[in-house]
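Student: This is what each chain is made of:
2 protein chains.
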Amino acid sequence: MDNLKNYIADNRERFLNELFELIRIPSISSESSHKPDMYRAAELWKEILLDCGADRAEVMETAGNPVTYAEKIVDPSYPTVLVYGHMDVMPVDPIDLWESDPFEPVIRDGKIYARGADDDKGQSFMHAKAFEYLVKHNLLKCNVKFIIEGEEEIGSEHLPEFCKANRELLKADVILVSDTSMLGPDIPSITTGLRGLAYWEIEVVGPNRDLHSGLYGGAVANPINVLAKMIASATDEDNRITIPGFYDKVQEVSSYEREKMARAPYDEDGYKHKLGLDALSGEKGYSTPERTGIRPTFDICGIWGGYTGEGAKTVLPSKAYAKISTRLVPNQDYLEIAQIVKEHFEKIAPPSVKVSVQYLHGGNAYVCPVEMPAYKAAERAYTKVFGKEPVPVRSGGSIPIISTFEEILGQKSVLMGFGLDTDAIHSPNENYPVEQFLKGIETIAWFYHYFA
Amino acid sequence: MDNLKNYIADNRERFLNELFELIRIPSISSESSHKPDMYRAAELWKEILLDCGADRAEVMETAGNPVTYAEKIVDPSYPTVLVYGHMDVMPVDPIDLWESDPFEPVIRDGKIYARGADDDKGQSFMHAKAFEYLVKHNLLKCNVKFIIEGEEEIGSEHLPEFCKANRELLKADVILVSDTSMLGPDIPSITTGLRGLAYWEIEVVGPNRDLHSGLYGGAVANPINVLAKMIASATDEDNRITIPGFYDKVQEVSSYEREKMARAPYDEDGYKHKLGLDALSGEKGYSTPERTGIRPTFDICGIWGGYTGEGAKTVLPSKAYAKISTRLVPNQDYLEIAQIVKEHFEKIAPPSVKVSVQYLHGGNAYVCPVEMPAYKAAERAYTKVFGKEPVPVRSGGSIPIISTFEEILGQKSVLMGFGLDTDAIHSPNENYPVEQFLKGIETIAWFYHYFA
Chain A
1 MDNLKNYIAD
11 NRERFLNELF
21 ELIRIPSISS
31 ESSHKPDMYR
41 AAELWKEILL
51 DCGADRAEVM
61 ETAGNPVTYA
71 EKIVDPSYPT
81 VLVYGHMDVM
91 PVDPIDLWES
101 DPFEPVIRDG
111 KIYARGADDD
121 KGQSFMHAKA
131 FEYLVKHNLL
141 KCNVKFIIEG
151 EEEIGSEHLP
161 EFCKANRELL
171 KADVILVSDT
181 SMLGPDIPSI
191 TTGLRGLAYW
201 EIEVVGPNRD
211 LHSGLYGGAV
221 ANPINVLAKM
231 IASATDEDNR
241 ITIPGFYDKV
251 QEVSSYEREK
261 MARAPYDEDG
271 YKHKLGLDAL
281 SGEKGYSTPE
291 RTGIRPTFDI
301 CGIWGGYTGE
311 GAKTVLPSKA
321 YAKISTRLVP
331 NQDYLEIAQI
341 VKEHFEKIAP
351 PSVKVSVQYL
361 HGGNAYVCPV
371 EMPAYKAAER
381 AYTKVFGKEP
391 VPVRSGGSIP
401 IISTFEEILG
411 QKSVLMGFGL
421 DTDAIHSPNE
431 NYPVEQFLKG
441 IETIAWFYHY
451 FA
Chain B
1 MDNLKNYIAD
11 NRERFLNELF
21 ELIRIPSISS
31 ESSHKPDMYR
41 AAELWKEILL
51 DCGADRAEVM
61 ETAGNPVTYA
71 EKIVDPSYPT
81 VLVYGHMDVM
91 PVDPIDLWES
101 DPFEPVIRDG
111 KIYARGADDD
121 KGQSFMHAKA
131 FEYLVKHNLL
141 KCNVKFIIEG
151 EEEIGSEHLP
161 EFCKANRELL
171 KADVILVSDT
181 SMLGPDIPSI
191 TTGLRGLAYW
201 EIEVVGPNRD
211 LHSGLYGGAV
221 ANPINVLAKM
231 IASATDEDNR
241 ITIPGFYDKV
251 QEVSSYEREK
261 MARAPYDEDG
271 YKHKLGLDAL
281 SGEKGYSTPE
291 RTGIRPTFDI
301 CGIWGGYTGE
311 GAKTVLPSKA
321 YAKISTRLVP
331 NQDYLEIAQI
341 VKEHFEKIAP
351 PSVKVSVQYL
361 HGGNAYVCPV
371 EMPAYKAAER
381 AYTKVFGKEP
391 VPVRSGGSIP
401 IISTFEEILG
411 QKSVLMGFGL
421 DTDAIHSPNE
431 NYPVEQFLKG
441 IETIAWFYHY
451 FA
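The listed protein sequences derive, respectively, from chains A and B. Quick note on my numbering: the first sequence kicks off at 1 and runs consecutively. Quick note on my numbering: the second sequence kicks off at 1 and runs consecutively.
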């Protein structure tokens, strides 16, 4: 492993150029017009993994977007690592807030700016390059399998079916994933918990056409007003969710564990400052790390209805819509929550409108035990590269497939993320520091060394 | 007046073709890209009125869109009628719901389908043709002035200044306006009251960029959730507006007048059926005609924020917006309400977001006394043409400039409207029955006869 640092330094430009080629494919999974780009990305991943040293790689169909599978079986008696990543990215709107083309990566101030630079093209590509190093230098003492999917940003809808159909192919001792963040460039951390997710679209229909708000206003229910009331009623003054049954299965975290969490570095003023906020807001009785780590949420991700153009058009609209998401915590079942929330909104709909709620996707929360050998190997790898032992962190994000892997493949995942809070994933000007990218490759290579 | 009916019948095709030429100009005042169309419409109105017999017509500038002024002074000792109309129209979205091009009028089932067919190109054009008949047959015993403006649909912002600057030019004994409806094709009615209006845009800003709803959700206020709460809190369970001071100056209508209103024809089942509604909804303690006629409203005309595209993007958005309108009733001052509402929303904004409220436009409510000679003349004209005495009706709509005319020019307006409830003004497939158009011309001609 002596020449690892040099190898990475010597191949830096090539690594970046190869990553940029992957980023240039606008593989936005939520927009059906980008379907051909999903196939382009899958084919490119196949080439990448073969070039890096895989014995076998192929693009495999699912009922949705394709999956790229690859493997190198060094010795059947060795332990097997399954690397999971995703080739799909989020939409880019609002496009006018991007300082450069989201699909033409550029490096500014040491950061790669592009959609997918971090999430998850940049992070998953590190695995290819760590693998390349180990194969080339005959240092790989594990079997490695790769599964790169194309539907993570839309809830990995077809991956569970794929896993069920390919249990033997995907058999491994641990799953390795880089799709999370560290607390800071100098504060290595490993995500040991993920929140679950459930997501709905709600439609409120009032009159059968847009009406004149003067002639009808006051006598006909306005779908936007009704939608606002329904949304508003879902949380109370303490920012607790009021939907009956919502908290029933929430795992209450012990005061011992909450005390331990409170010791993790957290700078509230800095946090507010970075977001441009005068005040934070969340569930009463919980700290900010607790609000994002161990408590569920109720967020409106989008809302629309009526006249949204320039100037002052008066109208009593026929329809209003919202996209609603909740983050879930351990023991909440996302399918149960999906049903509870749907039924709640349909039940509280006043008779003056018609409300329909469509469940779109979700997944359960996940917890990784810190005693696991693979976690310990990751811990040593971070310590080696960053010079500090990584902090275990419960993240607020969701990677629904992680809990599904546990259910279907019976394997825990270790979340070796190298993103930073400032990477603006899912936002305009997503970026990924080149330094994190290179250190990530180094850390992953060390993981294999310690894990084997 | 003997040949009036024949004249209208003989010239029917020509009248329609001339109107269609006017309708084909997409004079949408709320969209600045249509500014040149406002000038085209103003020039066409000048030609129309000169052709109909005006002594003088000109396009006059304002600080906004131009105004067409025309006049025929038959004898300075005669009474003078000022005809007011507007050449501008509402936007056409949602465009996909139109069955034919909104700016290419077609006649289907005896109705003219086009944006502006009723509001207000069709209705104001009737005045030109009634005027033409009277001039051509030397029957005009009044002086007539026309003022056709281009900003009615955006609140007539620059017309008050124009009126102040041209008080002498616009001097008249009464103002005549066709921009309202009748209760039905066989139920002639004259609008004797109009609601006022105030309109705002509200902006709620949370974090300085769109955030990952997993990493930040629960700890950072979501501007859409906050906006929904603010809007929801503005009305209570009885659909009364909760903004302090909002009702302070509302004129309570006497039980005598409410009883009289209750005698006007109103078919609740038919009303619901036409709108496709199972139930109506409005302020507790008031009937539907009262809710639209004598009570103020609080309607969200538009709302937007976050992800509104296809599929399930999770995001905690940076901003959310709504367009809010209230309809006002006599004695409420729209500028006072503008301020009260703005201050209220800015005051109740939680510290976790920044809220700004921009007042966009408004006007006061209006009441026309039924004892006025001009009202009596209109009443006789409707009776002559429709065979029934017209019902006086308080409409829920607003024509802000009507109360401004009273304030600046010191003149009451008579609202001789011929629209129908089914005309879908401000909506897709706006239409105007040819029969109403022709009867309107006839009724207006008789008005001059009786008024003189």
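Possibly wrong hints are sitting among the right ones.
If chains are identical, the list can't say which one is meant, so a pair holds when it fits in one copy or spans any two.
[What the hints assert, rightly or not] Only pairs whose alpha carbons sit at most 20 Å apart, straight line, appear in this in silico SDA-like list of lysine to any residue:
id	residue 1	residue 2
1	K72	P330
2	K439	E71
3	K229	R240
4	K141	E406
5	K342	G311
6	K229	V355
7	K229	H344
8	K439	P369
9	K274	R209
10	K35	E346
11	K376	I408
12	K412	E61
Honestly, the hints are just simulated from the structure, not real lab data.
Student: Each of the hints needs a verdict: does it hold here or not?
Tutor: Tested hints:
| no. | hint | result |
| --- | --- | --- |
| 1 | K72 with P330 | neither (34 Å within a copy, 81 Å between copies) |
| 2 | K439 with E71 | neither (24 Å within a copy, 82 Å between copies) |
| 3 | K229 with R240 | both (16 Å within a copy, 14 Å between copies) |
| 4 | K141 with E406 | neither (24 Å within a copy, 91 Å between copies) |
| 5 | K342 with G311 | between (35 Å within a copy, 17 Å between copies) |
| 6 | K229 with V355 | both (13 Å within a copy, 19 Å between copies) |
| 7 | K229 with H344 | both (13 Å within a copy, 18 Å between copies) |
| 8 | K439 with P369 | neither (24 Å within a copy, 82 Å between copies) |
| 9 | K274 with R209 | between (44 Å within a copy, 10 Å between copies) |
| 10 | K35 with E346 | neither (33 Å within a copy, 45 Å between copies) |
| 11 | K376 with I408 | neither (24 Å within a copy, 82 Å between copies) |
| 12 | K412 with E61 | neither (25 Å within a copy, 74 Å between copies) |
Hints 1, 2, 4, 8, 10, 11 and 12 from the list above are not met by this structure, while the remaining hints are.
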